[in-house]
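S.K.: One-letter residues, chain by chain:
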Amino acid sequence: MTSRPATGGPTTGEPATNGPTAAGPTTTRPTASGPMMVLGIDAGSRSLPEAEHVLRTVARALGLPGGTVGCTHFVPAGLAGDEPHIACSLAVPGPVPPPADVSWASGGERDGPRAEGAATAAAEHAARRGGRVVTFPGHDLLTGTMSVAAIRDGSAIERVLVLASPGPPGDDTLVVTNDHVRPVWRDGLMTLLTMPAAGGRITPAEVPDPTPCCADHT
Amino acid sequence: MGHGHHHQHHDHSHEPLGEGEAAPARDLTIPDEDLSPAQLSRRRMFRRAGLLGAGLTAAGVLGTQAEAATATPGGREPKDGYLWLAGDHHIHTQHSGDGIYRVIDQVRHGNAYGLGWVVITDHGGATHAKIGVDKVNPDIVAAREAIKDTLVFQGLEWNIPAAEHGTVFVAPGRREVETLKEFENSFDGSVKGAGANTPQNEALAIAGLNFLAESVRKRRIPDALFLANHPARKGLDSPHEIRGWRDAQPSIAVGMEGAPGHQAAGMPKPHGPGGGRGYYDGGPGADSFPGYPAESYKTFGGFDWMTATVGGLWDSLLAEGKPWWITANSDSHTVYGDTSERGPGSDFDANGRYEDPVYGGVPNTGAGDFWPGYYSRTHVGSRTFSYEALMDGLRAGRVWVDHGGLISGLVVRAGTDGHGRRGVTLGETLHVRRGDRVELTMEITLAGRPNWAQFVPTLARVDVIQGDVTGPASDKDAFTTPNTKVVQSYEVGKSSGTVTLTYRLGRVDRPVYVRLRGTDGRRSAPGLLGAEVDPHGPQIDVHGDADPWNDLWFYSNPIWILPRR
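In the order they appear, the protein sequences are chains A and B.
Numbering of the first sequence is given in my numbering, commencing with residue 26 and proceeding in unit increments.
Numbering of the second sequence is given in my numbering, commencing with residue 6 and proceeding in unit increments.
There's no promise every hint is true.
To be verified - Listed next, the stretches of chain B that the computed footprint assigns to chain A, with coverage defined by at least 3 CB atoms under 8 Å from CB atoms of chain A:
hint, region
1, 102-116
2, 274-282
3, 291-304
4, 365-373
Unchecked claim - One side only, chain A facing chain B, incomplete, derived with CB under 10 Å:
hint, residue
5, H78
6, G103
7, H110
8, I111
9, R157
10, R184
11, L186
12, V201
13, T202
14, R207
15, L214
16, L218
17, G224
18, P235
19, T236
No lab work stands behind these hints: they were computed from the structure.
Quantities reported herein were computed from a predicted structural model and do not represent experimental measurements.
Ideal placement from N, C-alpha and C gives every residue a C-beta, glycine not left out.
Assemble the whole structure, with the sequences as input and the hints as a guide.
M.R.: Structure, rendered in structure tokens:
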């Protein structure tokens, strides 16, 4: 991937299968329902669960379907506020009414004190160069233990990788999903990063409830 | 087998210095004329030994061989001129919001498991700063009285502003508590609400280190050290922050945990927590350094990614020719399989501590920690059995670490060919003529007896890792260095007795460093930077199935070799 400006500039399709897309700012490749725009949202969330809550609230308010691609994006300090935080992005079928109570960016438009964070999130998502995917086609079917092939075939996840492993896992390798699957955009592909788990299986590198800084194990 | 003699600049002329009096001698910000005669004598000795302001490893490398080590109350015998005191600088008690045990519980266990020094490091925070830091002190003082052959330091686990946790500890003195308290109230990220990764908070962390250095300089406290804990766990310690701490106060900020505690956290369910070894189960968050790869959040053979990656972050620091040492600790909060429960009627917020623990009758298989000394050990070469000498040894980098009692002793010397054993030891710098042949001798005392899991570990392999010293990093966020790799491996395959290995570096025509690593050989894989860099490095730990007793490693700190120009 070549890097792109934070906003603006047409995005051409990444993989060869994309074909031409509608030109225009923060336009992503077509999915099943045709060309999409990306809506960036920034509520200054400091944690991933907080950001996911914002993402789902906005998606619900806009009446977006469950499989809508929605992501979280890290925003460094100074870009849209004094503290580093997490913005969100949603693939939307076209122009949508501005969401309430959050800074946002879509196409050439933006509003709110953290609009720069929202625009950054939208640009990363549109270019598929960054972001952690929370909702995506098939995400609610990824539960229990499934094979790598079943995950790829049954969802928008295009690739599964194992950390610190030279090659990808075999299609039959079993993935313990923990009912918590958060792929990331990497090399233009929706990629699920995993790690070795018990019994020769693998499990997403992101666990559902990571140990907080000072966890009480008494 | 010790060598029974000293090799360097033994100076009989200086008078003994009391606690606190030695520190100014090595602080070059204090002019000679402001020193007492004894301090001046000590400084001259440092100068003659080339240990002050010289070479690439200036500020913090203050290996001192001035006094012969003697046996301690614990019956420990010196080896290679030093008492090698195993210890742990990361231990929690009932004065931590997530702790349970009394100070004496931790100290007694650490002592029983062979530790010569421990640091009590309860979490910094509002309640601790207000109450706990005071209340814990009498318990520490009592533990020093009760357990004579283990040094018990008071410290705290600092919430480093804009970063991870770190151990801060001081040498005992009349003002240790008030100094720690002022430090915590002024510079703790939790107390100050300064956790976010902002330039302002990064500056507050540096100010905290400056405060400690100033407190030592003014002799308010005899000595202070800082070490970064579980540095890669959540990606919070960026490379430039680590370099910033080191460069701001190299005599205070001396290193990091090469291996985190919580080593039982990967014990499989149902008889263990079934999590990530070291509780390294997180991923990037808002405050994480964005450049860190996804695998940096995991452990490798129980070690932190910064240390486990040959040619990685730790090596990129060493390649600058500046001291940065690694340690291995328990981070003991609640012990795997222990039957204690928190004391009934506890009110931590009101009392600054939990009530004393009680017998609960049920083994806690959800706990991920070991007692201090049970699994993780930081071995420090100390001139004498004293608080100051221990801190000096740690500051000098005369340190190696092991897990599960993999080996019992390690003596490393670098010298010119034929004189290897008369050269320098861990943490030190060997000055040679350009083109001199240099050899590294390693005398390893094997386990020889069962560890606390009741088996005698076998040392399968020892690796010598060598890197070029390339000077200060132009990119403060660099976390790789290109010319560090495993240069020699030795198959050992023994569990008792002593093995002596010699590695010949050949003619040395440029500054280099060497460090050692050894393993039981049960879990190896090509290193993250490729098999040509590290053919048999530690494997990424299996989430939920990492029995730490079946994957043992030791690591040494480096020795630098500097040819004269």
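S.K.: For every hint, state whether the structure bears it out.
M.R.: These are the hints, each one checked on the structure:
1. Requiring three or more residues with a Cβ within less than 8 Å of a Cβ of chain A, the coverage given for the region 102-116 of chain B holds, as 3 such residues are present.
2. Residues of the region 274-282 of chain B with a Cβ under 8 Å from some Cβ of chain A number 4, which satisfies the need for three, so the listed coverage holds.
3. A count of 8 residues in the region 291-304 of chain B with a Cβ less than 8 Å from any Cβ of chain A is obtained; the coverage claim is therefore met, three being the minimum.
4. Given as covered by chain A, the region 365-373 of chain B passes the check, having 4 residues with a CB less than 8 Å from a CB of that chain where 3 are the minimum.
5. Of the supplied interface hints, the one on H78 of chain A is violated, with its beta-carbon coming no nearer than about 15 Å to a beta-carbon of chain B, more than 10 Å.
6. For G103 of chain A, the interface hint holds, the least distance from its beta-carbon to any beta-carbon of chain B being 8 Å, beneath 10 Å.
7. With its C-beta approaching chain B no nearer than about 5 Å, H110 of chain A sits inside the 10 Å limit, and its interface hint holds.
8. At about 5 Å, the closest approach between the beta carbon of I111 of chain A and any beta carbon in chain B falls short of 10 Å, and the interface hint on this residue holds.
9. Checking R157 of chain A against chain B: minimum C-beta separation of about 8 Å stays under 10 Å; hint holds.
10. Nearest Cβ of chain B to the Cβ of R184 of chain A: about 14 Å, over the 10 Å cut. The hint is violated.
11. At a threshold of 10 Å, the smallest CB-CB gap from L186 of chain A to chain B is about 9 Å, leaving the interface hint in force.
12. Hint status for V201 of chain A: holds, given a least beta-carbon distance of 8 Å to chain B, under 10 Å.
13. A hinted interface residue such as T202 of chain A counts as satisfied when its beta carbon comes closer than 10 Å to some beta carbon of chain B; here the least separation is about 13 Å, so the hint is violated.
14. About 9 Å separates the beta-carbon of R207 of chain A from the nearest beta-carbon of chain B, less than 10 Å, and the hint is met.
15. Hint on L214 of chain A is violated. Least Cβ distance to chain B is approximately 14 Å, over the 10 Å limit.
16. Because the closest C-beta pair between L218 of chain A and chain B is about 5 Å apart, less than 10 Å, the hint holds.
17. Against a cut-off of 10 Å between C-beta atoms, the interface hint on G224 of chain A holds, since the closest Cβ of chain B lies about 7 Å away.
18. Given the 10 Å rule on beta carbons, the hint for P235 of chain A holds: about 4 Å separates it from the nearest Cβ of chain B.
19. Below 10 Å, beta-carbon pairs count as interface contacts, and T236 of chain A has one with chain B at about 4 Å; its hint therefore holds.
In this structure, the earlier hints numbered 5, 10, 13, 15 are contradicted, and the remaining ones agree with it.
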